Amino acid sequence: MSIIIFSILFVVGFYFFTKNILQVRSNILLGQKKKITDNTSERWKTMLLVALGQKKMFSRPIPALLHLCLYAAFIITQIELVEIFTDGFIGSHRFFLPYLGSFYVFMISFIEVLSVLALIATIIFLARRNLLKLHRLNMKELIGWPKKDANLILIMEIFLVTFIFTMNGADEAIQNLKGASYNFAISSHIANFIFGDFNEHTLHVLEQIGWWGHLLMVFTFLNYLPFSKHFHILLAFPNTYYSNLEKKGKFSNLASVTEEVKKMMDPSIDPFAATNAENEAPLRFGAKDVTDLTWKNLLDSYTCTECGRCTSSCPANQTGKLLSPRKIMMDTRDRLVEVGEGKRKNGKDYTDGKSLLGDYITEEEIWACTSCNACVQECPVNIDPLSIIIDLRRYLVMEESKMPSELTGMLTNIENNGAPWQFSPADRGNWINE
Amino acid sequence: MSSVFKVHTMAEMMANGETPDILFWVGCSGSFDDRAKKITKAVAKILHHCNVKFAVLGAEESCTGDPAKRAGNEFTFQMQAMMNIQVLDAYEIKKIVTACPHCFNTLKNEYPELGGKYEVIHHTQLIQDLINQGKLALEGSQIYKGKKITFHDPCYLGRANDIYEAPRVLIEKLDAELIEMKRCKTNGLCCGAGGAQMFKEAEKGNKEINVERTEDAIETNASIIATGCPFCNTMMTDGVKNFNKEQDIQVLDVAELIANAADL
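Here the protein sequences line up with chains A and B, keeping their order.
Mind the numbering: the first sequence is residues 1273 to 1706 in the working numbering, read in order.
Mind the numbering: the second sequence is residues 2 to 265 in the working numbering, read in order.
Just so you know, these hints were derived from the structure itself, not from any lab.
Do not rely on the hints blindly, as some may be mistaken.
[To be verified] Label-pair restraints from in silico Cβ distances: (1) A:1311 to B:22: 49 to 57 Å; (2) A:1405 to B:181: 25 to 33 Å; (3) B:181 to A:1306: 24 to 32 Å; (4) B:248 to A:1510: 27 to 35 Å.
[Unchecked claim] So these bits of chain B aren't anywhere near chain A, every CB distance computed over 12 Å: (5) 147; (6) 244; (7) 246.
Model, not experiment: these values are computed from the prediction.
We put the beta carbon where it would ideally sit given N, CA and C, even for glycine.
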């Protein structure tokens, strides 16, 4: 019976997970094409260092260490999960124990120790958000759902760990009744203390509650991920693989503009000649909505875990301006979800009349950016909010000619006299004789 | 300065049948801003002193297009880039030095895709090379000995291009005490001028970015704020004025420090 229930849970759990993942994938593919196929070895290296090795987390050691506890526990617990799945499918109990012997004891002990550390880290994280009210974790873009999302994940972590210890503790107490012990690092000490007064039947029930509870949490978690900021635990890997490997100062040169400029500068080009399909002018220059951004920008938005390191290092944000790079990423994701849902319900040509720029991100926000790259530098999973900001500016300037009036003057000066100020090019060399 | 030595333009060099080793890209700020012109002169003096055969473009130089690109006007940027590339290629330029990290970044990173491929270095890198080659000696210079100097990382030199060491090595050559601000190198705070902000009023907020950054510098108790960008120089100078500290704190480019120390 339990094998059947387990199998149904397993199939349903993975069916919906796959369905949600495919939906996220199709949303990301609503973005513009961008080929990222170069430097494979450098990309693997970046992924190993930044995602697996958490290299960039350690610029802030305290949260990095706490995060490492959770992260390590999460990775290692996957081993136990394999056993849980095996036991679930064939109805065995601790399937690996007879095969692995003392290594099994070491492995489960290791998981138990990490789980305790993870529990401590989770409680500290909850305190940082809700009691200490760290500014970075309580800024205005987090009001409402994002804050609930963050707390919900932490609470789920507590449940996960509690179920593991209920399972191992009750199981250990059963062993104790027989005068034996598994000798797991933590549960062999707490079993008597917590579960010592129960009879064998109750212990079996408790052990099963722990086992099923843990399993249910795993499937809940799995299916919650694609709707949560916590998705970073999976997307951090592809996102760092597809990192920008160029110097941060290098902004993309719009190929569509290059075509136009070449035509302007070369009188021998026939302006009416059919353009090469690859270089065909896009629907618009720059980005007004999420579908104008590249798929990498959109992957960035789903990868963002809203930690706010970008925003806390942003010079504009620190001096009270509206701009928050974290909000740029959250807005991009929220708008993408909205666009994706609209298209799924109403067909792929559906538009709702709204756009990322205007309905989500205001002009005031994007004009406050100094393009200093602090947000890009800070992101622990190599997200690039700056490239979105610049693409939004490109749309405003090139499609709508909307910009702060001083910038209009600056651009006119560059076009007329080759300098952002009103000086004659003939005076460029004056310094030589002054 | 003309009495001391002559700075040649590419046109003059070509007319004389000469080719320089390096082109000094002066930049708009270095050409027109009175404060930045002093930095330009310091760089020229150092190049001349070290017998580097260099030239400038003079009237043929034009904005690299950096502020246009950061403001979102890709058309204006690429027009500028293409025109500059035509000029640079016509003179068969191979190597460029510039005292502006914005020109540096644009020429080095954004021109190659548009056909302009040159070796581009920042003036702090060139000066470091000259010292390493023994062409510029600072030994025995007392002027900055023991002085507290802090270095403000220009974003387009530091984070944008990962150049953190060259300017610091030069400051240490002065026998001065280099004191880092609490936010430095990869964590350095912007002066507030980048991304075309130099040319507009800041958005509504509760503070100016250059004031926030100047506070970092004042905290170090340094008597000199060194930097390597004419825009940072303007922003930090204004920041110092904001605190009425212009008597106590000087804002100088690394090139000026070196030129002063070498008594040029």
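Evaluation of the provided hints:
1. Between residue 1311 (chain A) and residue 22 (chain B) the Cβ separation comes to about 33 Å, which falls outside the hinted range of 49 to 57 Å.
2. About 31 Å separates the C-beta atoms of residue 1405 (chain A) and residue 181 (chain B), a value consistent with the hinted range of 25 to 33 Å.
3. In this structure, residue 181 (chain B) and residue 1306 (chain A) break the distance hint of 24 to 32 Å, their C-beta atoms being roughly 38 Å apart.
4. In this structure, residue 248 (chain B) and residue 1510 (chain A) break the distance hint of 27 to 35 Å, their C-beta atoms being roughly 56 Å apart.
5. Listed as outside the interface, residue 147 (chain B) is consistent with that label: its C-beta sits roughly 32 Å from the nearest C-beta of chain A, beyond the 12 Å cut-off.
6. At roughly 16 Å from the closest C-beta of chain A, the C-beta of residue 244 (chain B) stays outside 12 Å, upholding its exclusion from the interface.
7. Once the 12 Å rule is applied to beta carbons, residue 246 (chain B) is consistent with being away from chain A; the minimum gap is 19 Å.
In this structure, the earlier hints numbered 1, 3 and 4 are contradicted, and the remaining ones agree with it.
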